[in-house]
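With the hints as a guide, bring the two chains together.
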Amino acid sequence: MNSIIKTLSLIVIAAGIILVYSAAYIVDETEQVLVTQFGRVVGKPVTTPGLKFKLPFFQVANFFPKNLLTWDGDPGQVPTKDKTYIWVDAFARWKIVDPIKYFQTVTNELAAIERLDDIIDPAMRNLVTSYPLVESVRNTDRRMDTLESVMDENQKRVQYKVDLGRDEITKRILKQASEKLTQFGVELVDVKIKRINYIENVREAVYNRMIAERNQIAEKYRAEGMGEASNIRGEKEKELQVIKSQAYKDSQTVKGEADATATKIYADAYGADPDFYAFIKTMEVYKETMKKDSTLILSTDSDFMKYFKGIEQ
Amino acid sequence: MNWDWEKLRQNQQKFENKREGGGPNMPIPPQMDELLKKFKDFKLPGIFLVVIVLLVLFFGSSTFFTIKTEEVGVIQRFGKYTRIVQPGLNFKLPSGIEKVTKVKVKRIYKEEFGLQSDSATSNYRAASESSSQGSSLMLTGDLNVAVVPWIVQYKISNPSDYLFKVKDVRAILRDMSEATMRTVVGDRSINEVISKREEIALAAQQMLQHEMDQAQSGIKIVNLEMKKTNVPGPVQSSFNEVNQAIQEKEQTIYKAREEYNKAVPLARGEAKRVIKDAEGYAIDRVNRAQGDATKFLAVYKAYALAKDVTKKRLYLESMLEIFPNLGPKYIIDSEQKNLLPFLNMGTGSSSALQNSFLKKSE
Chain A
9 MNSIIKTLSL IVIAAGIILV YSAAYIVDET EQVLVTQFGR VVGKPVTTPG LKFKLPFFQV
69 ANFFPKNLLT WDGDPGQVPT KDKTYIWVDA FARWKIVDPI KYFQTVTNEL AAIERLDDII
129 DPAMRNLVTS YPLVESVRNT DRRMDTLESV MDENQKRVQY KVDLGRDEIT KRILKQASEK
189 LTQFGVELVD VKIKRINYIE NVREAVYNRM IAERNQIAEK YRAEGMGEAS NIRGEKEKEL
249 QVIKSQAYKD SQTVKGEADA TATKIYADAY GADPDFYAFI KTMEVYKETM KKDSTLILST
309 DSDFMKYFKG IEQ
Chain B
5 MNWDWEKLRQ NQQKFENKRE GGGPNMPIPP QMDELLKKFK DFKLPGIFLV VIVLLVLFFG
65 SSTFFTIKTE EVGVIQRFGK YTRIVQPGLN FKLPSGIEKV TKVKVKRIYK EEFGLQSDSA
125 TSNYRAASES SSQGSSLMLT GDLNVAVVPW IVQYKISNPS DYLFKVKDVR AILRDMSEAT
185 MRTVVGDRSI NEVISKREEI ALAAQQMLQH EMDQAQSGIK IVNLEMKKTN VPGPVQSSFN
245 EVNQAIQEKE QTIYKAREEY NKAVPLARGE AKRVIKDAEG YAIDRVNRAQ GDATKFLAVY
305 KAYALAKDVT KKRLYLESML EIFPNLGPKY IIDSEQKNLL PFLNMGTGSS SALQNSFLKK
365 SE
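Quick note, the sequences are listed as chains A and B, same order.
Heads up, the first sequence is in the numbering used here, so the first residue is 9 and it goes up one at a time.
Heads up, the second sequence is in the numbering used here, so the first residue is 5 and it goes up one at a time.
Next comes chain B alone, as it looks inside the complex (with noise of 0.2 Å):
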């Protein structure tokens, strides 16, 4: 506010003008003496001026006052809550009766739990271990470990509940952020905590919604994110192997069904073969039997036209057929007994039995 100043500057340079006017340096001619009388008479006054003028101006450069967009002004007459003040200039009763709390409603705040830069931000009731592995480790409904960390991230809805209800509310909601989380946490299984984030976020998020509304505290949760939640380092690899476990299990399966899946559809086409083999063999043995009935009965009919020289033409015929193709032949006369012993049977098949053990024996 530099013009009152100025203002206030210039105020005085005219006053010890007026002053340095008088002043004993100053040659004073003798008329001016009751003017120099006057003058002294004036000077008391002139100091309650001066002090009027500094309040006048200190009250007065209290009644105004800007707000910035992001801001509401809370203002109090005398301590009581009188109203509040929406972005732009604003004038009030002067300072020491009435008093302006900026507040900044557009912002949203941000707090972290159990992530790096927590324990760089919280000035915490030291506990038995760092700040930000303190509230990130919690027990699950299990009795198990987990490790989740989390945002909230609020504004202030409410200035005057903000500004007058609860002492410390950043400390309260930081209480209650935890509290909440852990109960929330508290009533799921490990595993559920690990892969249901978004679920455990909403709830915890309502409850301190809740929590907060009952307080009073004039802060409204925009957003509650989970972040990576795991189990604590020593056990880990044992969930990995779980995961893994899970996978090996999916593995086996498939692999089983890919067995499945090659054999059976084989099978299926290989009965279908043999079915078909079946068949041909049934059509290929209905055809011949046909095909040998049809040619027994067309050499029968003609067979019986003539019976007996047909009979013999046809024995001879074959015999005709056969003799050239047989090997040694004997012929013995009916009356010549036991000649049968004499002779050297199956010399063809004996000499070409022992070639055969012979080349065996090579």
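Next up, chain A with everything else stripped away, as it sits in the complex (with noise of 0.2 Å):
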């Protein structure tokens, strides 16, 4: 009899830990839970953590993750408005924010990730394919340091206008994207680009075009360079003409006015006796210039041999 009551009420306590094992359940920080009841939604959805209970057996919780998901989207090829083709691979991060309608809907992440797939995808090259590839590229006006040449600069600044910018495209797409993504119950908290870049054919036509420019840039420094030399040495050929031309006329100053004190000298001196500098000077220059090749022709009639002929005349 006693061991009847001893298994009895051993039945009981396990059948009470069974009961209460299936009535618990342990809501993790991450997670929220959907209870419900032959397939049906019941109550509210449980977005506290802790220990909650629910019917046994009757009732099923469905668990759901709260936090920050990441969506990663599949690259592809995307031309842009100025028919550049591109290769765009965007991410999002996204959350539930509506487990009931999540859990009618899509049931599952995989399934939720399939949607966001179908929705983003297209969102985004919609958006990146209405805009130049530019307006995908730059996220503000911001004045760059291209080393070009400054004749070419207003033409460069119009090319690079940013009307948008990633920033707002990004905003854009998450605006088209969300919309349709409420009925799922998620909300996406933002889409960004990830990787942008050229596909491979254009990359090698970007490559060209890149060679191009730097050899532009390079010939333009190099043209700098001799232009500047070409300066220095027009610097220098004046310098030369100013200083030599300088130099000329202050040396003929000094010489004329040397002249001119010395006119001065010889005309106070010799204004004394004009016809004796005459003279003096007249003797002077015959000592000059009479040399050995002179030949000489005197006439008895001349000063010096007036006595040759006799004394008497």
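Bear in mind the hints are in silico, worked out from the structure with no lab data behind them.
Every value quoted in this text rests on a predicted model; they were computed, and no experiment measured them.
A few of these clues could be false.
With a cut-off of at most 16 Å between alpha-carbon atoms, the simulated EDC-like pairs for lysine to aspartate or glutamate come out as follows [said to hold, decoys possible]:
hint	chain 1	residue 1	chain 2	residue 2
1	A	Lys263	B	Glu202
2	A	Lys252	B	Asp281
3	A	Lys169	A	Asp90
4	B	Lys315	A	Glu39
5	B	Lys232	B	Glu202
6	B	Lys276	A	Glu247
7	B	Lys169	A	Glu247
8	B	Lys231	B	Glu202
9	A	Lys300	A	Asp281
Calculated Cβ distances over 12 Å to all of chain A for the following chain B residues [stated by the list, open to error]:
hint	residue
10	Val57
11	Phe62
12	Phe68
13	Thr70
14	Ile71
15	Thr73
16	Glu75
17	Lys96
18	Leu119
19	Gln157
20	Lys159
21	Val226
22	Met230
23	Lys231
24	Lys232
25	Pro332
Covered, in the sense of this in silico footprint (three residues per stretch, anywhere, with C-beta under 8 Å from a C-beta of chain A), are these stretches of chain B [unchecked claim]:
hint	region
26	76-87
27	174-180
Note that CB positions come from ideal geometry on N, CA and C, so glycine has one too.
Here you go:
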């Protein structure tokens, strides 16, 4: 009798444990739970963590993540508005905000990611295709140091002007996709362009363009160097002319003044007796000019020879 | 946890000894019959005892745990976050009620992007090209392609956020890091990407930290470091050429400057020489003039005393000096006319001329 009671009580205890075990469930910080009864949603979703209870057996706890989830897009080729084929890889972050809708429409994460694929990818393509490449690459209108020559600066500025920028484009992708995702109980937190690049074929052409651009810049530098060198040489020539002519001017002035002074000195001195000066100077000139190779024909008429023929005349 | 196993074994042995004490193999003294019966009655509670002891040991051992110095423990009671425990020996309610997750908060983790080792560590959704190349190739603001490798060092600053707010923190960090780096590089020209790495690293770090904060990832970016940024291989030579051209430009200019510096000071010196020369000439000229004037005046003074005689004397003295030095001399009577044509004029000079011609023709 005793043993029967014992076994019975044991069974009861065991059953109790099983019941409690089936009724209780633990919600982690990262989870939220939807309780369903024969597949039908019962009550509000449980979003706070801790130990929770439900009806045993009849009710099932469905766990969904509550934290931030990642969606990584399939990288794909997209043409931009300016007909450049680029390769875009985007990713997004999302959350389950309405577990009931989520449970009813997609059930699990794998299916949800498929829906996200279906919605975000086209939204991204739409927007990237609708704008020139530079809109997806640049974020602001920030002025860049491009090494370009001053001449074509205006042209470059126009070409690289940005109306929207990457942030705005991703915001628009987010907006377009978010509207379609609310029906799945999913909130898209953000969409970001992870990678953006030229496709293989285009890249070759871009490299060539870069090379051409660099060559042009290199030539520009060389030309600038030569131009500047010519300028310096011109400066040099000019400087030389200035220096030389100034020196000539100064020296001529000095010489002229000296000549003037000398002339005055001579005039003052010789003015005392111009006749005597003429005589003296003539004598000097004779001395200077009459040399060995000079032939002299003297007439007896001359003053010098006047005594040659006889004394009295 | 050796010791509790030992305890368990001891307990088991004790219990087994008890059982074996009443085992069938043992010779049973008749007076032990009742005792044996009692033991048999105790059999059932005995099993319970073992179970209870095992349970107590199991739960007991799960109530304390050690946290290493570089970690903290995040404790959840029935899944709900309750507290953070610091390094050392710690206690909690038995497992099943409280759970501890150890998070290495002091450790600095590293993620690499676009480096060679990158492809080995990342297990990413395969791109159409190798991962390391893909993550470092990016478009610059002037629509050029640059190769930008970098590393991100981070640590976990908020363990509870790190564990609970984001599903895969590392994936988000990697994705965000690539996205922010491209945003920063996308706003800069290829030149800036190559020459202003520090600036880019700083901007990217701030932006990345902001994004990670917004996502409540509990991560602090310790450092974002740019490795050698470059242009893609095929384009490198043309970039080098630009650098070379810059050097050439400088060189050409320096050369011209050198010429300038060589010529101009020389010309200045030359100019000074010319002026000094002129000054010399001036002094010479004036001195000579003064000398001449003084001499003239002195002679004149003497001459003025006896004009006629002195003049004649001077004349004759001069003639005396001149005549001996002269060549052929002819004296012609003043009455003779037309003698000149018969004279062989300038024999000396013409023969000398002939001589010089002959010499030349030789």
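Whether chain A covers the region 174-180 of chain B (at least 3 residues having a Cβ closer than 8 Å to its Cβ atoms): holds (count 4)
Pair hint B/Lys315 and A/Glu39, alpha-carbon separation not exceeding 16 Å: violated, 143 Å
Given as non-interface: B/Glu75, which should sit over 12 Å from chain A by C-beta: Nearest chain A Cβ is 18 Å from B/Glu75, so the label holds.
8 Å C-beta test of the region 76-87 of chain B against chain A, three or more residues: The restraint on the region 76-87 of chain B holds, since 6 of its residues have a Cβ under 8 Å from chain A and three suffice.
B/Phe68 and chain A, when compared Cβ to Cβ, separated by more than 12 Å: holds, 22 Å
Non-interface label on B/Gln157, tested against every C-beta of chain A at 12 Å: holds, 20 Å
Minimum Cβ distance from B/Pro332 to chain A greater than 12 Å, as the annotation requires: Answer for B/Pro332: violated, closest chain A Cβ roughly 5 Å.
Exclusion check [B/Thr73 not at the chain A interface, CB over 12 Å]: Check passes; 25 Å lies beyond 12 Å.
Non-interface claim for B/Leu119, where every Cβ of chain A lies beyond 12 Å: At about 16 Å from chain A, B/Leu119 clears the 12 Å cut-off, so the statement holds.
Distance rule for B/Lys231, whose beta carbon must clear each one in chain A by more than 12 Å: Nearest chain A Cβ is 18 Å from B/Lys231, so the label holds.
Closest CB of chain A to the CB of B/Lys232 still more than 12 Å away: B/Lys232 is indeed farther than 12 Å from all Cβ atoms of chain A, at 18 Å.
Given hint A/Asp90 paired with A/Lys169 - CA-CA distance at most 16 Å: holds, 14 Å
Hints 1, 4, 7, 9, 25, counting from the list given before, are not met by this structure.
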